[in-house]
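With chain P held as given, fit chain C onto it using these hints.
Protein chains: 2
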Amino acid sequence: MEKVLAMLPTISWKDEAVILIDQRKLPQKEEYLRLKSVEQVARAIETMIIRGAPAIGLAAAYGLALAVRQQKTEQNLDRSFEKAYERLWRTRPTARNLFWALERMKTVFQKHRRQGLRALKDIMLAEARKMDEEDLAINMKIGEHGQRLISRGDTVLTHCNAGALATAGYGTALGVIRAAVAHGKKIKVLADETRPLLQGARLTCWELRRERIPTTLITDNMAGYLMKKGEVSLVIVGADRIALNGDTANKIGTYSVAILAREHHVPFYVAAPLSTFDFSLQTGEDIPIEERQPDEVRRIGGKLITLPDLPVRNPAFDVTPGRFISGIITERGVLRPPFSRAIKKFAR
Amino acid sequence: MEKVLAMLPTISWKDEAVILIDQRKLPQKEEYLRLKSVEQVARAIETMIIRGAPAIGLAAAYGLALAVRQQKTEQNLDRSFEKAYERLWRTRPTARNLFWALERMKTVFQKHRRQGLRALKDIMLAEARKMDEEDLAINMKIGEHGQRLISRGDTVLTHCNAGALATAGYGTALGVIRAAVAHGKKIKVLADETRPLLQGARLTCWELRRERIPTTLITDNMAGYLMKKGEVSLVIVGADRIALNGDTANKIGTYSVAILAREHHVPFYVAAPLSTFDFSLQTGEDIPIEERQPDEVRRIGGKLITLPDLPVRNPAFDVTPGRFISGIITERGVLRPPFSRAIKKFAR
Numbered sequence: 002m003e004k005v006l007a008m009l010p011t012i013s014w015k016d017e018a019v020i021l022i023d024q025r026k027l028p029q030k031e032e033y034l035r036l037k038s039v040e041q042v043a044r045a046i047e048t049m050i051i052r053g054a055p056a057i058g059l060a061a062a063y064g065l066a067l068a069v070r071q072q073k074t075e076q077n078l079d080r081s082f083e084k085a086y087e088r089l090w091r092t093r094p095t096a097r098n099l100f101w102a103l104e105r106m107k108t109v110f111q112k113h114r115r116q117g118l119r120a121l122k123d124i125m126l127a128e129a130r131k132m133d134e135e136d137l138a139i140n141m142k143i144g145e146h147g148q149r150l151i152s153r154g155d156t157v158l159t160h161c162n163a164g165a166l167a168t169a170g171y172g173t174a175l176g177v178i179r180a181a182v183a184h185g186k187k188i189k190v191l192a193d194e195t196r197p198l199l200q201g202a203r204l205t206c207w208e209l210r211r212e213r214i215p216t217t218l219i220t221d222n223m224a225g226y227l228m229k230k231g232e233v234s235l236v237i238v239g240a241d242r243i244a245l246n247g248d249t250a251n252k253i254g255t256y257s258v259a260i261l262a263r264e265h266h267v268p269f270y271v272a273a274p275l276s277t278f279d280f281s282l283q284t285g286e287d288i289p290i291e292e293r294q295p296d297e298v299r300r301i302g303g304k305l306i307t308l309p310d311l312p313v314r315n316p317a318f319d320v321t322p323g324r325f326i327s328g329i330i331t332e333r334g335v336l337r338p339p340f341s342r343a344i345k346k347f348a349r
Numbered sequence: 002m003e004k005v006l007a008m009l010p011t012i013s014w015k016d017e018a019v020i021l022i023d024q025r026k027l028p029q030k031e032e033y034l035r036l037k038s039v040e041q042v043a044r045a046i047e048t049m050i051i052r053g054a055p056a057i058g059l060a061a062a063y064g065l066a067l068a069v070r071q072q073k074t075e076q077n078l079d080r081s082f083e084k085a086y087e088r089l090w091r092t093r094p095t096a097r098n099l100f101w102a103l104e105r106m107k108t109v110f111q112k113h114r115r116q117g118l119r120a121l122k123d124i125m126l127a128e129a130r131k132m133d134e135e136d137l138a139i140n141m142k143i144g145e146h147g148q149r150l151i152s153r154g155d156t157v158l159t160h161c162n163a164g165a166l167a168t169a170g171y172g173t174a175l176g177v178i179r180a181a182v183a184h185g186k187k188i189k190v191l192a193d194e195t196r197p198l199l200q201g202a203r204l205t206c207w208e209l210r211r212e213r214i215p216t217t218l219i220t221d222n223m224a225g226y227l228m229k230k231g232e233v234s235l236v237i238v239g240a241d242r243i244a245l246n247g248d249t250a251n252k253i254g255t256y257s258v259a260i261l262a263r264e265h266h267v268p269f270y271v272a273a274p275l276s277t278f279d280f281s282l283q284t285g286e287d288i289p290i291e292e293r294q295p296d297e298v299r300r301i302g303g304k305l306i307t308l309p310d311l312p313v314r315n316p317a318f319d320v321t322p323g324r325f326i327s328g329i330i331t332e333r334g335v336l337r338p339p340f341s342r343a344i345k346k347f348a349r
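Protein chains in written order, with the numbering used here: chain P, 2 to 349; chain C, 2 to 349.
Hint data in this document are derived by calculation from the structure and do not stem from the laboratory.
Note that the structure is predicted; figures quoted are calculated from it, not measured.
Not one of these hints is a red herring.
Calculated lysine-lysine pairs in the BS3-like style (CA-CA distance at most 27 Å, straight line):
#1 P:Lys189 <-> P:Lys26
#2 C:Lys26 <-> P:Lys304
#3 P:Lys26 <-> C:Lys304
#4 P:Lys30 <-> C:Lys304
#5 C:Lys304 <-> C:Lys30
#6 P:Lys26 <-> P:Lys304
#7 C:Lys304 <-> P:Lys304
#8 C:Lys112 <-> C:Lys37
#9 C:Lys229 <-> P:Lys229
#10 C:Lys230 <-> P:Lys229
#11 P:Lys112 <-> P:Lys84
#12 C:Lys26 <-> P:Lys26
#13 P:Lys230 <-> C:Lys229
#14 C:Lys189 <-> C:Lys230
#15 C:Lys112 <-> C:Lys84
#16 P:Lys73 <-> P:Lys37
#17 P:Lys107 <-> P:Lys15
#18 C:Lys30 <-> P:Lys304
Next up, chain P with everything else stripped away, as it sits in the complex (with noise of 0.2 Å):
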């Protein structure tokens, strides 16, 4: 562990800063940011310089620290402190994490706020590493509880980056991978390259190259041809945001994925941790989804592929029904439908 923690550090502290990897530039480009207030944080996330709904809620996490650590006096401390949550809150809508990792942060604020700003200043960065330690370790846990659905020979499929760059470290999807291959166990990895943004051409296919597990890239649209070729064994994603049933919103996509899974009779996982799911929803039809801008769709790399000014649609994520998904893999275990009870016993 060690050393993934010292190959992908997704997210770091140093020197009153939050060092990043910039998401948006891998693989061509390894270049770390060191960002330096709430605003640039929040603009990170905005931008996807960091993704990946555990590492969007770590970020946010780091960003309120900074927010603390950069006050100077008591005076303004809690309006400062809302103002940083507010700002963050406010960057994507998409991703449980985000917000739950906003509420821990400040479920602890105002609990020590009566401690002073200095005592708070250790607190709250304290907080925020330990949230990154405890994601770290809850992935290695869906690792070890997801990896046993795996077998030698296998060939999984994975839509999007539900990785190391991700998360803390490690990854959920891509730590079920990781997990399997530290079993032993020979596998082959498909993954879909993701349209718009590519996170799977980019990040999924560098970040398992880099450990030697041998990776096809396709094209979103060539996942039915190879599974109706039976070259599909099982297909595992990340998550954004998990209802009371089951309802899983996740990347562009995966919901399709989910439907031509089925057609094919090939299992379809999902690995998240507790902090993915929403308890106050009882099915995905109220995720918020988020709509990005049209750019992402109409160009590549900065390079225009379509005329500069057709309409286009850019809706960031879907929801997979319940229904569809064989198994949701937990740090507490892997669920089995249908869900609501399993679910409902995590919310208490």
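Chain C in isolation, oriented as in the chain P frame:
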């Protein structure tokens, strides 16, 4: 029609050369190429300077006319013709229209062989031109039959480009859309971008936009989401080869769209001329699927989107089972499933 012809000259003959618009460069550049040898025509088909099953057939027909017209003497005429025929035959394996066109030209060559080279030069060019004109007329008929399936207010999803650029003009799937618009039906089009080569984003959007048909571009992985939201009324695609039972080879991703359409009770239509039918194949299982070079997936517009040596899959086509198809729109009318009997009638 004159206007369409003038606007989109997919392929034409001028001054002893085949003139093509370079489809790799659209919509950013409108460049015309003058092909003066069979080898140049063959390479234009292989590199997809011209693509689309009917258009490939026409390119091959003009290519054979070129071969005969470049012949200086009777000597070696048969060998030259055979060589050109073999070269063009080997360009791409999936589209039936290529082989159909080559066979038709060969039949004409053989029928008139005894009239000598001078006569053949005119006869072969006249035949290629006739096929060109016929294809346009066929598309108009396909459009007329197919437009009855479209109602005012419909949103039609299409995949790849089965438009004027894929045919002599007007198009098959896009011909149906054009005919519906010509009948005064207010409709909208959703165009799948169609990775890897983006024929939807580059060609379909360009074609429809210049006729002011409201067109919205989506990535290939968004179709399922939009169908679930009820935003797709019907799907119309073209075809590269159709077997006796209606199994249809078409651009990679078509199969997935068909499964998504069935899941959401969205009618799924194929539009294609009789020259696309392969009466020698009982089912689509024996249709050869071209696997193209990996850099088409690894790069977009020349720009690397992943690691330079990453393994990829790049099947250019997939096969949609006839049972997933609501109707096949031909110049003789709309076939309804089960297709076998109707298609066998065409074979006669």
